[in-house]
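Heads up: the sequence lines are chains A and B, in that order. If you read the first sequence in this note's numbering, its first letter stands for residue 38, the second for the next number, and so on. If you read the second sequence in this note's numbering, its first letter stands for residue 89, the second for the next number, and so on.
Everything labelled a hint here was simulated from the structure, so no lab data went into it. Ideal Cβ positions, reconstructed from N, Cα and C, are used throughout, including at glycine. Fair warning: there could be bad hints in the mix.
List of simulated lysine-lysine pairs, PhoX-like, C-alpha gap at most 25 Å [what the hints assert, rightly or not]:
1. Lys55/A <-> Lys94/A
2. Lys156/B <-> Lys102/A
3. Lys94/A <-> Lys189/B
Computed, partial: chain A to chain B, Cβ under 10 Å [to be verified]:
4. Gln43
5. Ser44
6. Tyr68
7. Leu80
8. Tyr85
9. Glu93
10. Asp96
11. Gly100
12. Phe127
13. Cys128
14. Ala129
15. Ser131
16. Thr139
17. Phe142
18. Ala144
19. Gly145
Each chain, letter by letter, is given below.
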Amino acid sequence: EAAVTQSPRSKVAVTGGKVTLSCHQTNNHDYMYWYRQDTGHGLRLIHYSYVADSTEKGDIPDGYKASRPSQENFSLILELASLSQTAVYFCASSDEDRGQNTLYFGAGTRLSVL
Amino acid sequence: GDSVIQMQGQVTLSENDFLFINCTYSTTGYPTLFWYVQYSGEGPQLLLQVTTANNKGSSRGFEATYDKGTTSFHLQKTSVQEIDSAVYYCAMRMLSGSFNKLTFGAGTRLAVCP
Numbered sequence: 038e039a040a041v042t043q044s045p046r047s048k049v050a051v052t053g054g055k056v057t058l059s060c061h062q063t064n065n066h067d068y069m070y071w072y073r074q075d076t077g078h079g080l081r082l083i084h085y086s087y088v089a090d091s092t093e094k095g096d097i098p099d100g101y102k103a104s105r106p107s108q109e110n111f112s113l114i115l116e117l118a119s120l121s122q123t124a125v126y127f128c129a130s131s132d133e134d135r136g137q138n139t140l141y142f143g144a145g146t147r148l149s150v151l
Numbered sequence: 089g090d091s092v093i094q095m096q097g098q099v100t101l102s103e104n105d106f107l108f109i110n111c112t113y114s115t116t117g118y119p120t121l122f123w124y125v126q127y128s129g130e131g132p133q134l135l136l137q138v139t140t141a142n143n144k145g146s147s148r149g150f151e152a153t154y155d156k157g158t159t160s161f162h163l164q165k166t167s168v169q170e171i172d173s174a175v176y177y178c179a180m181r182m183l184s185g186s187f188n189k190l191t192f193g194a195g196t197r198l199a200v201c202p
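Work out the full structure, taking the sequences as your base and the hints as a guide.
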C-alpha cells in the first residue's frame, strides 16, 4: 500500500532556531509536496518537487527551503524559525506522469515555535 | 488567480441528519474538482473526484455534484453517522504553467453527535 511517512510527528522549536522536517515515500511517485495547515486557511502549498535535486516554490514559500535528495525523500527546512510558522505541516506525493490526480498525504508534523 | 471558497467552518449534526457542504470556485480554465476528508490524527485522503459538470460522484455514501453555471460544487450525505466526524476539504486542480496545482478550501469541520 502507498505510504508517506513524516518525521518527527511533533516538534517544539525556539524562535531563530533551525528546523528540518523530513518526508519519505514508498509510492515511487515523481511529485512530492509540502503543505501547511492553519485553521481558517485550509491547506496551502509551500514547495513541491517533480524530480530529485530540484524543487519549486508554491504559494507561500517565504521563510522555507526545500530539499529533494532522492525520489523517496523530501525535506522542509526552516532556517530561522518564527512564531508565525507554528502550524501542522503535511507532506504528500502524487504520480503525475500517469495522469493520476490523487495526492497521498502523510500523517503530519505539528510544529510549535516558542 | 484561482481560488476556492468554503464558507462553512463548522457543522454540527445528529446521527441520521442530512449533510450538505458547499464550495464555490473561481478560475479562467476547466477545473477538476475533488473532496478530501481528514480524520483526527491523520492526513487528508481523497474522498471523491468530480470531473464532469452536472455529473455526480459518489463514495462511502457521500455524493458530490458540480454546477458549472454557478461555479459551485457540493458534498452531501443523506444520513450521517458518528464515524463521519472529520474535516472535509473541497479542492480544485488547475494547470498553473506546466504544473497541475491543487488549491484547497479552508475546510469544514463536521461533528456528528450520537
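**Q.** Violated hints - listed by number, lowest first
**A.** 2, 5 and 11
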